[in-house]
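Novice: This is what each chain is made of:
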Amino acid sequence: PVTHSWLATAMECRVLSIQSHVVRGYVGNKSASFPLQVLGFEVDSINSVQFSNHTGYSHWKGQVLTADELHVLYEGIKLNNVHQYDYVLTGYTRDTSFLEMVVDIVQELKRANPNLVYVCDPVLGDHGSMYVPQNLYPVYKNKVVPVADIITPNQFEAELLTGKNISTEKDAVEVMDLLHAMGPDTVVITSSDLPSRLGDRFLVSLGSQRHVRPDGSRTTQRVRIEVPKVDAVFVGTGDLFAAMLLAWTHHYPNDLKTACEKTFSVMHHVIQRTISYAHELAGPGRRPSPPQLELRMVQSKADIEDPAIVTEATVIS
Amino acid sequence: MECRVLSIQSHVVRGYVGNKSATFPLQVLGFEVDSINSVQFSNHTGYAHWKGQVLTAEELNVLYEGIKLNKVNHYDYILTGYSRDTSFLEMVVDIIQELKKANPSLVYVCDPVMGDQGAMYVPENLLPIYRDKVVPLADILTPNQFEAELLTGRKINTEDDAFKVSVMDLLHKMGPETVVLTSTDLPSKHGDQFLVALGSQKIVKPDGTSTSQKICMDIPKVDAVFVGTGDLFAALLLAWTHHHPKDLKAACEKTVSVMHHVIKRTITYANEMAGPGKRPSPAQLELRMVQSKADIENPAIVIEAKVLESSH
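Heads up: the sequence lines are chains U and Z, in that order. According to our numbering, the first sequence is numbered sequentially starting from 1. According to our numbering, the second sequence is numbered sequentially starting from 1.
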């Protein structure tokens, strides 16, 4: 096996991930923890819920963590003086008081470590409609995004947060600049309806990263990625994406192009493996079921560790 | 490999005990791990402070119901460890019985956590549940000496006690075909820097007669208190007996060797963090789990198990 520089030295990098836990399958913390651990990150995880499985199955059962219980767990960490984190990672939340407690925690952790990077997937909805309670929107817009350093909205979420529609790449660039102005230096629009120059079997993702030069002037690197479409509904891919973007921006903090190429490539390998297996299990002519479509996470370890680049990012002006 | 484990153990936000200790190594070795978190605590209870919430027996049942309703309650292995609650443990027993009906080949790996060094550190009323309900369902059991003595009502003063007065055979008779005494006070031939671990696996031969493979290991002692090592041990034994189902010697050598690598890496790092002449803290002694990935995947064998005379 080849040893890569990012694997050879023991990395001391601790992530606090506050996401869902499912007994079976790969969403939330189940989707984020293994890949980050495989890449050498220490992952502390607060499970915001514990469900049997994700809510796309016919049935799901379980329990949720209240904002107060979240606070109690954080207090335990703090009392032991181990509340030093390099990253915080959050995703899907349904509860405004929970989200507000997350913001309080992030703010306190940033005081403890001013270099902390908060990677936030502002999960609000997709394809034109919200799938979380509407009252989460002002909390994301006014409190969460302003403390985020990296955000991974889809097109709908980017439009919702900025109040601006995206019909062209120029619109997307303006929306990303508006998002920068709200707080985060790194924005990746994970998917959009923009036409791909490779045809309609591809979707367009865009990224933008703002840097401050030593002389104080600002520069922005913008990239476009053409991502092959897959004819299936996956759950947990957004969570995996945010975790992998955390990892690859950590290794390439000033090179969004490379960070995105690695992240989107890992996604591609995991999704390909998953869809092949799902079709095998379902049988010819049958649509795979949610259990069959669970990400082939542990089987994708080698791709997670060292993704072959299969999606190229183009630097755009 | 298509192998699915249901692990019902604690979750800690920070550190490596319970499911945090068991899940990563099993996933790294290619097992699908479904995990039910019996508690969610900030960290293990050896720190100065700890805070969190526990799952009730009813909540456990609700989670299992969700899995069952989706008809995905098929497992190759179940793994359990530290429990403090009798009703929770009894619910675990019900779930295992049902899962064994769904898959009669299911292997239940059980760490019967009750205490150590002569004292119980769980409520006393867990003993009859382990003895009468849990252990009879177990296929692989990883008691320490104290737990083996508690379960059988016999003391182990010599290696003969373990094998000839048949504490191991008594444990086999209670249910599990594979028993590993993870640590004992028995004197090691290598001196007092070593502890003795013993293993016994009943094998049914093609002609129907049964035999057992008995092994002995001398394991270097480490001058530190680790938490989560028992959970890691049980998970690794699950993995390596899966790959060596009829070769307890090989399974134990790999398991114990991984333990050795992880512990060494952990104690080195902990001493570095603490500084010269200082005893490392619980936070500093957390297992260096993610850093030990290569050892977990492909352990260099550093401890050899000796096969003792087979018996019938």
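Hints in this document: simulated from the structure, not taken from any laboratory. Treat the hints with caution; some may be incorrect.
With a Cα cut of at most 30 Å, we get these calculated DSSO-like pairs of lysine-lysine [what the hints assert, rightly or not]:
1. U/K301 with Z/K278
2. Z/K246 with Z/K278
3. Z/K278 with U/K78
4. U/K78 with Z/K293
5. U/K301 with Z/K51
6. Z/K51 with U/K143
7. Z/K264 with U/K61
8. Z/K71 with U/K61
9. Z/K264 with Z/K205
10. U/K78 with Z/K101
11. U/K301 with Z/K189
12. Z/K71 with U/K301
13. U/K301 with Z/K133
14. U/K110 with Z/K264
15. U/K229 with U/K110
16. Z/K189 with Z/K101
17. U/K61 with Z/K306
18. Z/K205 with Z/K221
19. Z/K189 with Z/K133
20. U/K257 with Z/K293
Note that the structure is predicted; figures quoted are calculated from it, not measured.
Novice: Keeping to a limit of 30 Å between CA atoms, is the pair of U/K301 and Z/K278 held or broken?
Specialist: 38 Å, violated
Novice: Given the hinted pair U/K301 and Z/K133, is their alpha-carbon gap at most 30 Å?
Specialist: 38 Å, violated
Novice: Given the hinted pair Z/K278 and U/K78, is their Cα-Cα distance within 30 Å?
Specialist: Given that 30 Å is the threshold and the Cα spacing comes to 23 Å, the pair holds.
Novice: Assess, step by step, whether the Cα of Z/K264 is no farther than 30 Å from the Cα of Z/K205, and give holds or violated.
Specialist: Distance of about 39 Å is beyond 30 Å: violated.
Novice: Does U/K61 sit within 30 Å of Z/K264, going by the straight-line distance between their CA atoms?
Specialist: The hint is violated at about 41 Å.
Novice: Keeping to a limit of 30 Å between CA atoms, is the pair of U/K301 and Z/K51 held or broken?
Specialist: It is violated: about 33 Å lies between the C-alpha atoms, which goes past 30 Å.
Novice: Straight-line Cα separation of Z/K71 and U/K61 no greater than 30 Å?
Specialist: Holds, at about 13 Å.
Novice: Given the hint that Z/K51 pairs with U/K143, test it: the Cα-Cα distance must not exceed 30 Å.
Specialist: Holds: Z/K51 and U/K143 sit about 27 Å apart, inside 30 Å.
Novice: Would you check the hint for U/K229 and U/K110, treating anything up to 30 Å between C-alpha atoms as holding?
Specialist: 37 Å, violated
Novice: So if I understand the rule, the pair passes when the alpha-carbon distance is 30 Å or less; does Z/K189 with Z/K101 pass?
Specialist: Violated - the C-alpha atoms of Z/K101 and Z/K189 are around 45 Å apart, more than 30 Å.
Novice: Check whether the Cα positions of U/K78 and Z/K101 lie no farther apart than 30 Å.
Specialist: 45 Å, violated
Novice: Given the proposed pairing of U/K301 with Z/K189, does the C-alpha separation stay at or below 30 Å?
Specialist: It is violated: about 42 Å lies between the C-alpha atoms, which goes past 30 Å.
Hint compliance for this structure: hints 1, 2, 5, 7, 9, 10, 11, 13, 14, 15, 16, 17, 18 and 19 are broken, all remaining hints hold.
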